[in-house]
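Trainee: Sequence:
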Amino acid sequence: MPQYRNHAEALATYNEIDPADVALKEAARADEKKAYGALEARLMHTQDRLWELPIATASLSGRPEQEPGVG
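Just so we're aligned, residue 1 is where the sequence shown starts under my numbering, counting upward by one.
Quick caveat, the hints were computed from the structure, so don't treat them as lab data. Predicted model, so just to flag it, every value in this text is computed and none were measured. Some hints here could point you the wrong way.
SDA-like, lysine to any residue: derived pairs with alpha carbons at most 20 Å apart [to be verified]:
| # | residue 1 | residue 2 |
| --- | --- | --- |
| 1 | Lys33 | Leu50 |
| 2 | Lys33 | Ala8 |
| 3 | Lys25 | Pro2 |
| 4 | Lys34 | Val22 |
| 5 | Lys33 | Ala23 |
| 6 | Lys33 | Trp51 |
| 7 | Lys25 | Ala12 |
| 8 | Lys34 | Pro2 |
| 9 | Lys33 | Arg5 |
| 10 | Lys34 | Ala8 |
| 11 | Lys34 | Thr13 |
| 12 | Lys33 | Tyr14 |
| 13 | Lys34 | Leu24 |
| 14 | Lys33 | Leu43 |
| 15 | Lys33 | Leu11 |
| 16 | Lys25 | Glu9 |
| 17 | Lys34 | His45 |
| 18 | Lys25 | Thr13 |
| 19 | Lys34 | Ala23 |
| 20 | Lys33 | Glu9 |
| 21 | Lys25 | Tyr14 |
| 22 | Lys33 | His45 |
| 23 | Lys33 | Arg49 |
| 24 | Lys33 | Glu16 |
| 25 | Lys25 | Gly37 |
| 26 | Lys25 | Leu43 |
| 27 | Lys33 | Ala12 |
| 28 | Lys34 | Glu16 |
| 29 | Lys34 | Trp51 |
Whenever a hint applies, use it, and build me the whole structure from the sequences.
Mentor: See the structure below:
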């Protein structure tokens with residue numbers, strides 16, 4: 001997943017910057033937030049697609065539903 005790699009690289013870069021270099025640290029933080037946003041959007045898209053299951057695939061009780069008249 002390229003977004004994960006991008007975020008990991010941006011976070012590693014942010015963590016390696018000397019805290020005394022405030023301007024560089026802020027720029028790296030902005031890059032990390034941008035990379036995280038791209039990663040989060042992709043994960044949310046995937047999660048949303050996973051939750052779009054057809055209703056008939058499973059019952060809420062965990063047992064198959066019986067058709068009326070079957071007994």
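Trainee: Quick one: which hint numbers does this structure break? Sort them smallest to largest.
Mentor: As far as the earlier hints go, 1, 3, 6, 23, 26 and 29 are violated by this structure, in ascending order.
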